[in-house]
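Given the sequences, and given the hints that come with them, work out the whole structure.
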Amino acid sequence: MEEPGEITTERIAQVAVSDGLPPHRSLWTDAARRFTHNRIAVVSLILILGLVGLAVLAPVVQRHDYRVQDLAHTSERPSGPYWFGTDQLGRDQWSRVVNGARISLSVGIVSQLITAVIGVVIGTLAGLNRWMDNLLMRFTDIAYSFPDLLMMILLLAAFGSGLILFGSVPVTMILAISLVWWPTIARLVRGQILSLQQRDFTLAAKVTGASQWRIVWTHLLPNTFGPVIVTATFGIPRAIFAESALSFIGLGIPPPNPSWGTLANDGFSSISAAPHLVLTSALAIAVTMMSFTFIGDGLRDAFDPQAR
Amino acid sequence: MIVYATRRLLGMIPVLFFIAVVTFALMHAVPGGPWDRDKRLPPQALANVEAKYGLDKPVFAPSWRVWEQEFWRELPDTQFVNYITDAIRGDLGVSYRQLNRPVADILLEGIRISATLGLMALVLSTVVGMAFGILSALRQNSWLDYACVAFATLGASVPNFVLGLLLMVLFTVHLHWLPSSGWANPTTFFFLSIPSNWKQLVMPLIALSAFPTAYIMRVVRASLLEVLHQDYVRTARAKGLAEHVVVMRHMLRNAFIPVLTVLGPVAAFLVTGSFIIEYLFAIPGIGRQLVYSISARDYGVIMGATLLYAVVIAAANLIVDLMYVVVDPRIRY
Numbered sequence: 001m002e003e004p005g006e007i008t009t010e011r012i013a014q015v016a017v018s019d020g021l022p023p024h025r026s027l028w029t030d031a032a033r034r035f036t037h038n039r040i041a042v043v044s045l046i047l048i049l050g051l052v053g054l055a056v057l058a059p060v061v062q063r064h065d066y067r068v069q070d071l072a073h074t075s076e077r078p079s080g081p082y083w084f085g086t087d088q089l090g091r092d093q094w095s096r097v098v099n100g101a102r103i104s105l106s107v108g109i110v111s112q113l114i115t116a117v118i119g120v121v122i123g124t125l126a127g128l129n130r131w132m133d134n135l136l137m138r139f140t141d142i143a144y145s146f147p148d149l150l151m152m153i154l155l156l157a158a159f160g161s162g163l164i165l166f167g168s169v170p171v172t173m174i175l176a177i178s179l180v181w182w183p184t185i186a187r188l189v190r191g192q193i194l195s196l197q198q199r200d201f202t203l204a205a206k207v208t209g210a211s212q213w214r215i216v217w218t219h220l221l222p223n224t225f226g227p228v229i230v231t232a233t234f235g236i237p238r239a240i241f242a243e244s245a246l247s248f249i250g251l252g253i254p255p256p257n258p259s260w261g262t263l264a265n266d267g268f269s270s271i272s273a274a275p276h277l278v279l280t281s282a283l284a285i286a287v288t289m290m291s292f293t294f295i296g297d298g299l300r301d302a303f304d305p306q307a308r
Numbered sequence: 001m002i003v004y005a006t007r008r009l010l011g012m013i014p015v016l017f018f019i020a021v022v023t024f025a026l027m028h029a030v031p032g033g034p035w036d037r038d039k040r041l042p043p044q045a046l047a048n049v050e051a052k053y054g055l056d057k058p059v060f061a062p063s064w065r066v067w068e069q070e071f072w073r074e075l076p077d078t079q080f081v082n083y084i085t086d087a088i089r090g091d092l093g094v095s096y097r098q099l100n101r102p103v104a105d106i107l108l109e110g111i112r113i114s115a116t117l118g119l120m121a122l123v124l125s126t127v128v129g130m131a132f133g134i135l136s137a138l139r140q141n142s143w144l145d146y147a148c149v150a151f152a153t154l155g156a157s158v159p160n161f162v163l164g165l166l167l168m169v170l171f172t173v174h175l176h177w178l179p180s181s182g183w184a185n186p187t188t189f190f191f192l193s194i195p196s197n198w199k200q201l202v203m204p205l206i207a208l209s210a211f212p213t214a215y216i217m218r219v220v221r222a223s224l225l226e227v228l229h230q231d232y233v234r235t236a237r238a239k240g241l242a243e244h245v246v247v248m249r250h251m252l253r254n255a256f257i258p259v260l261t262v263l264g265p266v267a268a269f270l271v272t273g274s275f276i277i278e279y280l281f282a283i284p285g286i287g288r289q290l291v292y293s294i295s296a297r298d299y300g301v302i303m304g305a306t307l308l309y310a311v312v313i314a315a316a317n318l319i320v321d322l323m324y325v326v327v328d329p330r331i332r333y
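Protein chains in written order, with the working numbering: chain A, 1 to 308; chain B, 1 to 333.
It is worth saying that the hints were derived from the structure and are not from the lab.
Restraint ranges, calculated between C-beta atoms of paired labels, are given here:
#, chain 1, residue 1, chain 2, residue 2, range
1, A, L194, B, I13, 24 to 30 Å
2, B, I88, A, G250, 31 to 37 Å
3, B, W143, A, G191, 34 to 40 Å
4, B, E226, A, L135, 31 to 37 Å
5, B, D86, A, W217, 48 to 54 Å
6, A, L194, B, R330, 22 to 28 Å
7, A, G191, B, M323, 21 to 27 Å
Every value quoted in this text rests on a predicted model; they were computed, and no experiment measured them.
Quick reminder that beta carbons are idealized off the backbone N, C-alpha and C, glycines included.
This is the structure:
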């Protein structure tokens with residue numbers, strides 16, 4: 001039972017409400033409201049959801065099997081049966097682009113999920129513990145003077161990039177990206193944790209006798225999620241770029257798999273004979289990256305209206 | 001400040017050492033070796049070649065028995081230790097794939113080309129980005145501002161090789177205005193090569209600088225908009241200063257600090273951008289050398305180029321940090 005004079009968070013909340021302050025609205029509903037008012041972000045989100053739909057339904061929406069070569073129809077321009085034309089081996093480019101969306105989207109989204117988890121865990125530990133903090137800072141010093149694409153290239157070369165789960169989740173590529181990029185989120189979370197520990201609500205929680213674990217879990221962590229989500233969203237187009245760039249220079253996803261980067265590389269070799277191959281894969285990459293950037297902009301403005 | 005610079009330079013040593021360890025470990029973990037061909041070398045020949053280049057020695061640590069006996073007397077005889085001790089003496093080894101050509105030569109030739117391209121992209125993106133950032137902030141909500149913001153958004157989200165490919169389709173395939181690739185005069189020093197090969201430079205330069213330009217423009221615009229309504233700007237106007245003095249002396253100086261902050265990442269970006277752009281436009285710079293040497297397991301070139309990149313990025317960050325002092329007298333080291 002509570003002592004009659006004890007100050008609990010519930011009681012502070014009751015007092016605040018009885019003082020006639022505006023009704024409590026959480027950060028999340030507030031952010032959602034601001035996000036839905038951002039027209040370009042909503043349009044981009046719909047576009048991405050459509051793309052995810054296409055990627056998931058790739059076996060249904062592909063017009064031909066993306067692997068089947070039809071040597072009677074090579075390097076054809078876009079037409080009725082071949083919406084995006086065909087490549088040098090007569091494979092339907094539309095089907096290859098749609099199947100490539102699976103690889104690009106899974107690289108973008110899964111790599112950022114993993115990056116966010118590693119970053120939040122290590123960043124939180126660094127924010128709470130001096131020793132971990134020093135370790136993290138030394139590590140980021142090194143990570144920041146190592147060109148990130150080069151590190152990914154070396155990791156992929158050493159561990160091979162051929163392991164692809166379900167035909168669409170390139171595991172080593174995703175791990176390479178996460179392994180190289182987590183320090184960014186870790187540093188962000190560390191900074192947040194350090195500043196949140198100085199805030200009044202943390203002090204109030206300490207005064208009411210909350211355990212360290214409870215303070216971290218209910219007061220510190222939830223407050224870092226906004227910036228982490230924003231950073232991870234901006235990371236998705238960067239991951240898609242990294243994957244397609246590495247595949248484009250031939251050090252990423254190995255060829256028969258239809259990643260957008262390998263498609264662009266295939267098209268590049270016959271750029272004057274069949275420019276539609278380069279155009280379709282380049283536009284797929286550009287539109288996807290731009291949509292994710294707009295969503296990121298929308299989320300940033302939604303979570304932090306002052307940061308414009 | 002000299003103390004600070006020295007400390008930073010010394011701080012680079014452990015960072016470079018660690019990068020060397022990681023790169024060495026990863027590249028030796030890559031399956032295969034520099035002498036893999038379609039037709040296999042006879043085992044004895046392979047052993048001879050490996051012995052000649054010291055590749056038969058252990059990569060990092062000798063066996064425990066050797067370690068125990070010899071460690072305190074002299075450094076262990078392993079590939080990594082030999083590489084580092086040679087590198088400290090300035091010997092970066094030879095390329096295994098380019099007829100024993102010294103790695104230092106290869107890097108020197110490559111960096112002339114890569115640095116020409118990179119420095120031009122850096123200057124172009126800083127000048128254009130700042131100019132349009134300033135214009136769009138001073139004429140906020142005009143058509144020019146909207147055009148700049150639209151460009152900044154496009155430039156930030158269209159990747160460099162996609163832009164390069166699109167330019168190539170337009171200017172080479174359709175209009176036949178520009179050559180798609182090559183570098184006419186690889187031996188001339190830095191900017192001396194520009195008059196002879198400006199046509200080859202146009203597309204790589206645009207593709208490489210689009211993102212940094214957009215980035216710098218965004219930062220300049222945002223920081224200038226923030227400064228625009230500060231009290232000291234109003235004071236400067238109130239005491240009757242000419243508009244250009246207000247803009248140059250009071251606004252830009254303060255708006256320049258955030259730009260300086262992004263120049264470090266921009267330099268790193270130009271370095272990594274060069275892998276892809278040099279591959280795309282067949283420019284024989286360091287980026288392309290590195291990409292090829294990784295697939296060819298040309299260990300010496302991989303190590304040399306990686307360390308060179310790390311030095312360039314660390315140096316760029318140091319220069320940026322030192323420039324803060326020049327721009328902002330409040331900062332002292």
